[in-house]
Amino acid sequence: MIKPLQDITVLDFTQFLSGPSASLRLSDLGARVIKVEHKVKGDLCRNIYASHLNIAGQSGFYQGINRAKESLALDLKDSGDFAQVKAILPHADIVLHNFRPGVMERLGLGVADIKAINPNAIYGEITGYGHDGPWRDRPGQDLLLQALSGLAGLSGDENSGPVPMGLAIVDNLAGAQLVQGVLAALYAGEGALVQVSMLEAALDFQFEPLTLYYHDGEPVDRGRENAAHALVGAPYGLYKTQDGYLALAMGSIPFLGELLNCQPLLAFTDAGRWYAERDAIKTILAEHLQNQSTAHWLSILEPADIWCAEVFNWQQLVAHEGFTVLDMVQEVESPGGRYLTTRCPIRLDDQLLTQSEGGPTLGQHNSALRAEFTGAKP
Amino acid sequence: MSLPLAGLTVLEFSQYLAGPYAGLRLADLGARVIKIERPGKGDACRQLATKNLWADGDSVLFHTINRNKESFAANLKDPADVATVKKLIAQADVITHNFRPGIMQRLGLDYESVKAVNPALIYGEVSGYGDTGPWKDKPGQDLLAQSVSGLTWVTGNGDQPPTPFGIAVADMLCGTHLAQGLLAALVRKKRFGVGAKVNVSLLESILDFQFEGLTAYLNSDNELPERSQIANAHPYVGAPYGIYATANGHIAISMGSLETLCKAIDLQGLEEFYGVDAQFFERDNIKSALQKHLKNRTSGEWLQMLEQGSYWCSEVLDYEALTQHEAYQLLGMEQTLERNGASLTTTRCPIRYNGERIYSDKAAPKVGADNERIQQEFAL
Chain A
1 MIKPLQDITV LDFTQFLSGP SASLRLSDLG ARVIKVEHKV KGDLCRNIYA SHLNIAGQSG
61 FYQGINRAKE SLALDLKDSG DFAQVKAILP HADIVLHNFR PGVMERLGLG VADIKAINPN
121 AIYGEITGYG HDGPWRDRPG QDLLLQALSG LAGLSGDENS GPVPMGLAIV DNLAGAQLVQ
181 GVLAALYAGE GALVQVSMLE AALDFQFEPL TLYYHDGEPV DRGRENAAHA LVGAPYGLYK
241 TQDGYLALAM GSIPFLGELL NCQPLLAFTD AGRWYAERDA IKTILAEHLQ NQSTAHWLSI
301 LEPADIWCAE VFNWQQLVAH EGFTVLDMVQ EVESPGGRYL TTRCPIRLDD QLLTQSEGGP
361 TLGQHNSALR AEFTGAKP
Chain B
379 MSLPLAGLTV LEFSQYLAGP YAGLRLADLG ARVIKIERPG KGDACRQLAT KNLWADGDSV
439 LFHTINRNKE SFAANLKDPA DVATVKKLIA QADVITHNFR PGIMQRLGLD YESVKAVNPA
499 LIYGEVSGYG DTGPWKDKPG QDLLAQSVSG LTWVTGNGDQ PPTPFGIAVA DMLCGTHLAQ
559 GLLAALVRKK RFGVGAKVNV SLLESILDFQ FEGLTAYLNS DNELPERSQI ANAHPYVGAP
619 YGIYATANGH IAISMGSLET LCKAIDLQGL EEFYGVDAQF FERDNIKSAL QKHLKNRTSG
679 EWLQMLEQGS YWCSEVLDYE ALTQHEAYQL LGMEQTLERN GASLTTTRCP IRYNGERIYS
739 DKAAPKVGAD NERIQQEFAL
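Heads up: the sequence lines are chains A and B, in that order.
Oh and the first sequence: position 85 is 85 in the working numbering, straight run, nothing missing.
Each position in the second sequence, counted from 1, maps to that position plus 378 in the working numbering.
No lab work stands behind these hints, which were simulated from the structure alone.
Treat each hint with caution, since some may be false.
[Stated by the list, open to error] Which stretches of chain A does chain B cover? Using the computed rule of at least three CB atoms under 8 angstroms from a CB of chain B, they are:
| no. | segment |
| --- | --- |
| 1 | 39 to 45 |
| 2 | 112 to 119 |
| 3 | 167 to 176 |
| 4 | 301 to 313 |
| 5 | 330 to 338 |
C-beta: ideal position from N, C-alpha, C; glycine also.
Turn these sequences into a full structure, and let the hints steer you where they fit.
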């Protein structure tokens, strides 16, 4: 298979998660990613998380997101080191960064500087909140974006206060949007400036609840029972059973009442009320469903084409054929050893996009890159 | 403004959310997106009204995700209509669909068949769980994909039941992956002249999203993530990371040195926990002491102290406070669309191109709104 971005070079100044998730996807799709890291500290993600997640000598999260990238460790404030970056720039198709506004300009790597050296380069950047306004200098950190953008008001129930989503969702979305913009520019075949802020990505993610809010002006109400989506009526939610949890997505309430032999549900005949009366309906369902095993309920609901599923943790998932059949895990090799990680979620021409290399050690590719781009002896 | 995908034609057989979200982004970036819909009812999402909100006969949800698109009505069970659609496919650059496995084959619109008509076509497929295995016929629905993927065990506190993300996160991420795959295939087509088949699924997308934790899990004797008992915000991040109640509301406290934090908010007694390992392994003790302390003053007082101490933090806003804030208003994130007198305000594309925001005031189409024009234009 020809990977779509083979022979495309990305000069990647990003760190942490949002930017590196974008360059990871470009790498998955075939691009060469040269990751510029601070000479001493490296990408801060190398050390940021709990130390017990050390994989092949690096933070597990660094390894997860930096597979198959080349590491160039240098001090951008040092003129000799900066010259190396300048030597690579004419060969870079894409330049990425996620510094706060003004930092790249101060380093002499602003969009105008890059354009002067390489007018065809695509310059992609992620900021926290854009270049203007009262938040522009705030840290673009996932939890803070969740708190400010309204996202923390969507999960959990009304008794719980704000509930952040338990993974770095805004980082991931900002990275994903940047990839789309950069690929579109690459398709157009023109040098371009592509900008995404985490705030705009978080708002785009909420286009549905926000549009509804613009429409009716009512605050988000997550409900108080088995909450799963603030805008969707009963039975939508997760329910405790005798031995686990069951997810119920859609279904007519009286029909569920018949199937599950739950008489009180038969009264809810008006589908137009399943949103307004979701707490009452869910309370009845929750009470009823806890009396039997998950398998018991699935054996009744699935044949009746009710949209439902068992709630798994990773242990249950990874052991299940529904997971193994995906071939979602790949083994990669890094200087510190081999490790397992996930692969690119996109399949191309019915083939998986996999890689063999793991995350680099800090400065692993310094001498090779110096030799390649400046002609210095390795 | 000249948009990067100007001149591209995308045919969208996809319904609901994941596929149409990819179509929306391609439309935002300049592509012409034509929904192929069954006559009369059209995309099933037209009837899927969250909070029972409607505009000009379609659900508000449908309007938000199908703005800036056209509609061509065709009955895919009628061979004459299928023949017409094939003529359209012959002139298109991209098609997407999210029918369950086998349906496009029965219609004669599977990749092999349409490749015969248009070898350079980019063919995008969305499924719930891939096209083989025990779940291939299971409904590809967001909550179900979240539930089987393990994702419901990262949100909420440790003593709470599994908690889904309160938004269609699998659909949305899968839509971005579809758009990425289609765009990459378009780049390849331009460089190497070949078409492509692009497959994504809700499950693979939601697993990719959990790459950090899954990578840790797979390399650590299968240690499951544990949510903190108090103020959980990420099972792999130590204290103080979380949202805390104050005397009059809530504040978010991000990652950083516990020592810096304690000094900033004048909290004594946690000295023994200073250090990265303790911040993770003793997070419940730390978070509980923090929560007790933070109840004593207002959000405003704490935020001022934290900012003075250079510790990462923020207020927690609801939509009312957010939309009234200068930082939000300066983004110009809203745009208003009109159809038959019904007016709808929604969000714009989050990507800025060459320094400009991308707006489009074209409302979502009625079923078959563009049949006549498309028939003429493509000589169908």
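Right, here's what the structure says about each hint:
no., hint, in the structure
1, 39 to 45, "violated (count 0)"
2, 112 to 119, "violated (count 0)"
3, 167 to 176, "holds (count 6)"
4, 301 to 313, "holds (count 7)"
5, 330 to 338, "violated (count 0)"
Consistency with the previously given hints fails for numbers 1, 2, 5, ordered from lowest to highest.
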